[in-house]
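Asker: Sequence:
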Amino acid sequence: MSKASEKEQCAAFRYVIGQDGQDIYNTMKFTEAQTDKIDVLFAKFDEYCEPRRNTIMERYKFNTRVQRDDETAD
Numbered sequence: 001m002s003k004a005s006e007k008e009q010c011a012a013f014r015y016v017i018g019q020d021g022q023d024i025y026n027t028m029k030f031t032e033a034q035t036d037k038i039d040v041l042f043a044k045f046d047e048y049c050e051p052r053r054n055t056i057m058e059r060y061k062f063n064t065r066v067q068r069d070d071e072t073a074d
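Numbering-wise (UniProt numbering), the sequence shown opens with residue 1 and increments by one.
Honestly, the hints are just simulated from the structure, not real lab data. For glycine and all other residues, C-beta sits at the position ideal for the given N, C-alpha and C. Do not rely on the hints blindly, as some may be mistaken.
Said to hold, decoys possible - For each label pair, taking beta carbons as the anchor points, the in silico distance ranges come out as:
| # | residue 1 | residue 2 | range |
| --- | --- | --- | --- |
| 1 | A73 | M28 | 45 to 55 Å |
| 2 | D74 | A12 | 48 to 58 Å |
| 3 | Q67 | S5 | 49 to 59 Å |
| 4 | F62 | E8 | 46 to 56 Å |
Model the full structure from these sequences, guided by the hints.
Answerer: Laid out in C-alpha cells, this is it:
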C-alpha cells in the first residue's frame with residue numbers, strides 16, 4: 001500500500017474503517033489541499049479518538065491525594 005498514491009491510500013482507509021468510521025469522516029472538515037492527504041486524515045482521526053481531559057477530575061485526584069509513609073516529597 002505504500003506504493004499507492006495518497007488519494008488511493010485515503011480511499012482504502014475510508015473503505016477499511018467501515019460505516020461507523022465513514023460517519024465520523026463525514027463530520028470532519030477538510031480544506032481543498034487536505035482532502036487527499038493521508039497524514040492529515042490520520043491526524044484528524046487521532047484527534048477524534050484521543051480522550052478528552054477531565055480537568056475537574058484531575059484536580060480532585062490531585063487535591064485528595066494522601067502521601068504514604070514510605071513516599072518521599074521529591
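Asker: Decide, hint by hint, whether the structure agrees.
Answerer: These are the hints, each one checked on the structure:
Restraint check, A73 to M28: a C-beta distance of roughly 46 Å satisfies the suggested window 45 to 55 Å. Under the hint 48 to 58 Å, the C-beta atoms of D74 and A12, about 50 Å apart, fit the expected range. Our hint of 49 to 59 Å for Q67 and S5 holds, since their Cβ atoms are close to 57 Å apart. Between F62 and E8, the C-beta spacing of about 48 Å keeps the proposed range 46 to 56 Å intact.
Of the numbered hints stated above, none is contradicted by the structure.
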